[in-house]
Amino acid sequence: MTGPAELLFNEKPTCLKGLKFIIDTGSSYTYISSKTYQTIVKHTLEGCEDGKALPICWKGTKPFKSVIDVKNLLKSITINFTNGRRDTQLHIPPESYLIISKLGNVCLEILRTRLV
1 MTGPAELLFN EKPTCLKGLK FIIDTGSSYT YISSKTYQTI VKHTLEGCED GKALPICWKG
61 TKPFKSVIDV KNLLKSITIN FTNGRRDTQL HIPPESYLII SKLGNVCLEI LRTRLV
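Each step along the sequence shown adds one to the number in the UniProt record's numbering, with nothing skipped, and position 103 is 103.
In short, the hints are calculated from the structure, not lab data.
Since the model is a prediction, treat every value here as computed from it, not as a measurement.
C-beta atoms are modelled at their ideal positions from N, C-alpha and C, and glycine is treated no differently.
Treat the hints with care, since some could be wrong.
Calculated lysine-lysine pairs in the BS3-like style (CA-CA distance at most 27 Å, straight line) [unchecked claim]: (1) 102 to 75; (2) 62 to 12; (3) 75 to 65; (4) 59 to 75; (5) 17 to 35; (6) 75 to 62; (7) 59 to 35; (8) 102 to 17; (9) 62 to 35; (10) 75 to 12; (11) 17 to 59; (12) 17 to 62; (13) 35 to 65; (14) 59 to 12; (15) 35 to 12; (16) 12 to 71; (17) 59 to 71; (18) 65 to 102.
Label pairs and their computed distance ranges (CB to CB) [claimed, not checked]: (19) 62 to 86: 18 to 24 Å; (20) 61 to 88: 35 to 41 Å; (21) 35 to 63: 31 to 37 Å.
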């Protein structure tokens with residue numbers, strides 16, 4: 001999917017509209033612009049570092065074993081493509097944008113690109 005889009009968090013609009021998105025299902029990570037990345041981080045939780053590859057992670061009172069453990073704590077991200085006569089929404093549930101690190105922390109599996 002490509003085209004102008006707006007970012008929704010927990011089905012609610014954020015300040016980001018008119019975003020240029022290209023969805024590549026073959027990529028290991030999702031790369032987004034710095035502005036979009038900061039908005040996602042702002043709407044979730046304060047992060048803590050858990051390594052160099054994934055800079056935004058959250059610690060629980062005990063190590064997480066599965067992303068399912070945090071499914072009710074973090075909300076879906078929605079990309080609303082506003083291309084043409086009909087809007088298309090891509091809902092991304094927490095289990096699709098988070099992973100559990102080796103330390104048992106939950107990490108944002110979306111990275112900021114420096115190219116956009």
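Against the structure, the hints:
Between the alpha carbons of residue 102 and residue 75 the distance comes to roughly 23 Å, so the proposed pair stays at or under 27 Å and holds. Distance hint between residue 62 and residue 12 is unfulfilled; the C-alpha atoms sit about 30 Å from each other, more than 27 Å. Using a Cα cut-off of 27 Å, the hinted pair residue 75 and residue 65 holds, with the two alpha carbons roughly 19 Å apart. The hinted pair formed by residue 59 and residue 75 meets the criterion: a straight-line CA distance of about 17 Å does not exceed 27 Å.
About 11 Å separates the Cα atoms of residue 17 and residue 35, which keeps this hinted pair within 27 Å; it holds. Proximity of residue 75 to residue 62 is assessed by CA-CA distance (about 21 Å); at most 27 Å being required, the pair is judged to hold. Of the supplied pair hints, the one linking residue 59 and residue 35 holds, its CA atoms being roughly 24 Å apart against a limit of 27 Å. Proposed proximity of residue 102 and residue 17 is contradicted: the alpha carbons are some 35 Å apart, above 27 Å.
Restraint check: the Cα-Cα separation between residue 62 and residue 35 comes to about 32 Å, which exceeds 27 Å; the hinted pair is violated. Note on residue 75 and residue 12: the hinted pairing holds, with a Cα-Cα distance of about 10 Å set against a maximum of 27 Å. For a cut-off of 27 Å, the pair hint linking residue 17 to residue 59 is broken: about 31 Å separates their Cα positions. Under the criterion of a C-alpha separation no larger than 27 Å, the hint pairing residue 17 with residue 62 is inconsistent with the structure, at around 37 Å.
A distance of roughly 31 Å separates the Cα atoms of residue 35 and residue 65; the hinted pair therefore is violated under the 27 Å criterion. This hinted pair checks out: residue 59 and residue 12 have alpha carbons roughly 25 Å apart, not beyond 27 Å. For the suggested pair residue 35 and residue 12, the alpha carbons sit about 17 Å apart, so the restraint of at most 27 Å is met. Between residue 12 and residue 71 the CA atoms are separated by roughly 18 Å; this keeps the pair inside 27 Å, and the hint holds.
The straight-line distance between the Cα atoms of residue 59 and residue 71 is roughly 14 Å, inside the 27 Å bound, and the hint therefore holds. Between residue 65 and residue 102 the alpha-carbon distance is near 10 Å, which keeps this suggested pair within the 27 Å criterion. Checked against the hint of 18 to 24 Å, the C-beta distance between residue 62 and residue 86 comes to roughly 45 Å, which is inconsistent with it. Between residue 61 and residue 88 the Cβ separation comes to about 39 Å, which falls inside the hinted range of 35 to 41 Å.
A C-beta distance of roughly 32 Å is found between residue 35 and residue 63, which places it inside the suggested range of 31 to 37 Å.
Violated hints, in rising order: 2, 8, 9, 11, 12, 13, 19; the structure is consistent with all others.
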